[in-house]
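Protein chains: 2
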Amino acid sequence: MEANEQVGPEGVSSKPVVCFLGPISSYTHQATMQAFPADRFDLMPVATIKDIFDTTQSGAANYGVVPFENSTNGSVVFTLDHFADRSNSYGDLNVCREVYLDVHHCLVGHIAPALPSPQPPVIETSSAPALNPTTIAADLRETEEASGSGQQTPTAQQPHPKAARSRPSHPISHVRRVYSHPQAFGQCTAFLGSWLRGIETIDVSSTSRAAELALADPSGESAAISSAVAAELLGLDVLARNIEDREDNTTRFFVLRKGVEGDAPMPLKTDTETETETELDDSRLLSSTKSLLSFTVPHRSPGALADVLSCFRRGGLNLTSINSRPSLTGAGPFEYVFFVEFEGHRFQDPRGRVARVLEDVAAVARTSRWLGSFPTSRGN
Amino acid sequence: MEANEQVGPEGVSSKPVVCFLGPISSYTHQATMQAFPADRFDLMPVATIKDIFDTTQSGAANYGVVPFENSTNGSVVFTLDHFADRSNSYGDLNVCREVYLDVHHCLVGHIAPALPSPQPPVIETSSAPALNPTTIAADLRETEEASGSGQQTPTAQQPHPKAARSRPSHPISHVRRVYSHPQAFGQCTAFLGSWLRGIETIDVSSTSRAAELALADPSGESAAISSAVAAELLGLDVLARNIEDREDNTTRFFVLRKGVEGDAPMPLKTDTETETETELDDSRLLSSTKSLLSFTVPHRSPGALADVLSCFRRGGLNLTSINSRPSLTGAGPFEYVFFVEFEGHRFQDPRGRVARVLEDVAAVARTSRWLGSFPTSRGN
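Chains as they are written, first to last, in full-length UniProt numbering: chain A, 1 to 380; chain B, 1 to 380.
Fair warning: there could be bad hints in the mix.
What the simulated footprint calls covered on chain B by chain A, stretch by stretch (three residues with Cβ under 8 angstroms from a Cβ of chain A suffice, anywhere in the stretch; the number is not a length) [said to hold, decoys possible]:
# : stretch
1 : 66 to 73
2 : 233 to 244
3 : 332 to 345
In silico SDA-like links for lysine to any residue, alpha-carbon gap of 20 angstroms or less [stated by the list, open to error]:
#  : chain 1 : residue 1 : chain 2 : residue 2
4  : A       : Lys-258   : A       : Leu-43
5  : A       : Lys-258   : A       : Arg-86
6  : A       : Lys-50    : B       : Ala-163
7  : A       : Lys-50    : B       : Lys-50
8  : A       : Lys-258   : A       : Gly-59
9  : A       : Lys-15    : A       : Ala-60
10 : B       : Lys-50    : A       : Gly-198
11 : B       : Lys-50    : A       : Ala-60
Hint data in this document are derived by calculation from the structure and do not stem from the laboratory. From the three backbone atoms N, C-alpha and C, an ideal C-beta is built for every residue, glycine too.
Start from the sequences, fold in the hints, and give me the full structure.
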């Protein structure tokens, strides 16, 4: 069966199904559209990262798209926790592609409503700053300090205090609460600390869901951090644009599939032109592909971590990332499952270097599991 | 000046000051009391992890206690982000001790209030389960499914679905929202998924603060995940005990200080008896101490990570943990600052192995920084 053509349950030929972390207009949706043209794939939103793993493992979708890490805020631990596969539910899944998406967050909500009399209605246009934003921020800060600290969630803290990159394009003093995904809060600490300090922040499952909740609040006091796309779709006002801490805010996504299907070249667009194996010299092939591996090491044998990592060095394969999560499978606390990415492809490996290193790791680690090989989409 | 005696601002001799992540009765407070006997130290609550770093760096406190990692939920990224010290504010701080605390979470709030007539008042005792908890859970689940998914935050997901370890000791169907710290939510996923599925979860800065917010809600519909100590202190009811996913739920804390003070032996209790240097052979000394180091590697030179890690192997020092966070200091995204812990002490190092490895790392890494050496409190 071709990857871009399949027979549906009713025997009708249909497009391959790609599930993604919804709802519609989420950042994962945007990354999915970038990788899977809508004319050739059926895109299916699901509610949670777990649903993506479940739906792809069950075969109900051919591919699943999950966020893996953000350049500002670090790893997506919920995705790592599913790759850890502690209940052994996702044995057939592997990563076949990475996708990068530039992420620009907006504060979205309702432009301050006309106040009921006796106050005169506030008339505003997008070009006329009716209130001095600095004054607003100072007011908010005073309010927060007067009410005592400790109410803020750590996501509203600034681990590296600096000025916000952008200012609100509309007054935001009527905003009393902000909904968003924890990762988005973590990427907008400077804006939140400068302009919305002390305001309640409420974690929800996605930035799109956050926008829906802001829309649903008739008081207009709720705002959300989401994409401009989500605001547009819902008819919400954009109160501030590009509120992310860093201009180069990028999220990296992984595409999951079930089985390796002989690892035929993916029928997908790639950011960089892929060349055939024979045209590439070995080192170029290595540096144009990456693999993901998880492993655990024997308990009470901390030297084993170094032993495993030295396998990559001995095999001449560069490590490009390393992560760890609690393993939660051993007898005691503070055992970890490690995740490494390294240059090289399990199947496009003419000199057998990747295969040898995977064997070496398996001999030293307590457990190890190849989680996928894929073309590199951007230079490291 | 002795570490356990100092001259205060008014020239009055006073005890050394230890700041911790407050408020009173937080888990960090409990860990602090465990390490710093109240008769010999002044314990000072501060509001945020940043405040602990600031207060210790400024000298306003002699020691600061920060949570570093939890055995169920992984690293405390806000602490890592401060160790990354991206604004170069904490150059004098180092870790001089680790403290382990067994963490038992409770659901605390108000026992279901007597309902207004016409309903008869519900009379309950702690031993009489007035409602079948399974029915409550099933009801909640139906409500949640009917209202559509996607509203849950990822912290409420179960990356490793399993039965909750404990049941509520009182009916909890009146609970409409739960306050807690994100880390605590992450440690109670099974209980939340089984008993409070679809209920709004609100992140706040500490579990103690969460308990205060539950107390402040006159409707009784707010609950909190916090310690039994916090509930007791505030006069809240404990609705369920030991709701953490794992019995061995443990948080590891670091004690910060400013400068090395000649690295005199700490005037503190330790979990294990420390012996003098001369009585310990070299390998025993190595395995009874640990050091923390951060480093970055040259951009676009992924092999450098393996180069740095091989320094530890070559020097015979076991790695005991590794973490990474976005560096946010380089020119582009997806550069990392790495944190490793390894066996060995910078100053209790008769054969000079630690010093040599630190030199080797400095030669290979782009930047590297020793962040402390301390006695190991528990076996790994």
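Right, here's what the structure says about each hint:
1. Given a C-beta distance limit of less than 8 angstroms, the hint that chain A covers the stretch 66 to 73 of chain B holds, as 5 residues qualify and 3 suffice.
2. Against chain A, the stretch 233 to 244 of chain B contributes 0 residues with a C-beta closer than 8 angstroms to a partner C-beta. That does not satisfy the three-residue criterion, and the hint is violated.
3. For a cut-off of 8 angstroms, the count of residues in the stretch 332 to 345 of chain B with a CB near a CB of chain A stands at 6, and the three-residue condition holds.
4. Proximity of Lys-258 of chain A to Leu-43 of chain A is assessed by CA-CA distance (about 17 angstroms); at most 20 angstroms being required, the pair is judged to hold.
5. This hinted pair checks out: Lys-258 of chain A and Arg-86 of chain A have alpha carbons roughly 18 angstroms apart, not beyond 20 angstroms.
6. Among the hinted pairs, Lys-50 of chain A with Ala-163 of chain B is consistent with the structure: their alpha-carbon atoms are about 17 angstroms apart, no more than 20 angstroms.
7. Straight-line distance between C-alpha atoms of Lys-50 of chain A and Lys-50 of chain B comes to about 33 angstroms, which puts the hinted pair past the 20 angstroms bound.
8. For the hint linking Lys-258 of chain A to Gly-59 of chain A, the alpha-carbon distance of about 7 angstroms falls within 20 angstroms, and the restraint holds.
9. Taking the CA atoms of Lys-15 of chain A and Ala-60 of chain A, the gap is about 12 angstroms. The hint holds against a cut of 20 angstroms.
10. With a CA separation close to 16 angstroms, the supplied pair Lys-50 of chain B and Gly-198 of chain A stays within the 20 angstroms bound.
11. Under the criterion of a C-alpha separation no larger than 20 angstroms, the hint pairing Lys-50 of chain B with Ala-60 of chain A is inconsistent with the structure, at around 46 angstroms.
In this structure, the earlier hints numbered 2, 7 and 11 are contradicted, and the remaining ones agree with it.
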